[in-house]
Amino acid sequence: MADLQVDDRVLADSERRLSRLHGEFARLGGQRDSLHAELGAPAMAGAMDEFFDNWSHYRKKLLGSIESVGTLVSQTRSTFRRVDERLASGAKGDR
Numbered sequence: 001m002a003d004l005q006v007d008d009r010v011l012a013d014s015e016r017r018l019s020r021l022h023g024e025f026a027r028l029g030g031q032r033d034s035l036h037a038e039l040g041a042p043a044m045a046g047a048m049d050e051f052f053d054n055w056s057h058y059r060k061k062l063l064g065s066i067e068s069v070g071t072l073v074s075q076t077r078s079t080f081r082r083v084d085e086r087l088a089s090g091a092k093g094d095r
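For the sequence shown, this note's numbering assigns the number 1 to the initial residue and increments by one for each residue that follows.
Since the hints were made in silico from the structure, they are not lab data. It should be emphasised that the depicted structure is a prediction, and the values quoted were computed from it without experimental measurement. Cβ coordinates follow ideal geometry from the N, Cα and C atoms, glycine included. A few of these clues could be false.
[To be verified] Cβ pair distances, simulated, as ranges:
1. S78 x A41: 45 to 55 Å
2. E85 x L35: 43 to 53 Å
3. K61 x R17: 18 to 28 Å
4. V69 x S34: 57 to 67 Å
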């Protein structure tokens, strides 16, 4: 039977990266109004509004997914730590 090996550093790094990614996507939402003045033509502004509406919808879905994966990684990390501590304790004869 093969041993399962989990590198806590990889899980910790994944947590940090997902958190950073979530923050980046969360900050991307407030640029709509600032671009209206830059676009000039009403037709162009309308097209950008449509794009931003779609972007906003899917960005929220993506934020939810990133948050869910981050939670799963955190729970996985916590579970493997507890299991590792129990195995180490059992190997020492503690109970």
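(message) Range first: 57 to 67 Å. Now tell me if the beta carbons of V69 and S34 are that far apart.
(response) 31 Å, violated
(request) Could you tell me whether the CB distance from K61 to R17 stays inside 18 to 28 Å? (result) 19 Å, holds
(request) Indicate whether the distance between the beta carbons of E85 and L35 respects the range 43 to 53 Å. (result) At 52 Å between Cβs, range holds.
(request) Go ahead and decide if the range 45 to 55 Å is satisfied by the Cβ distance of S78 to A41. (result) 53 Å, holds
Of the numbered hints given earlier, the model fails hint 4 alone.
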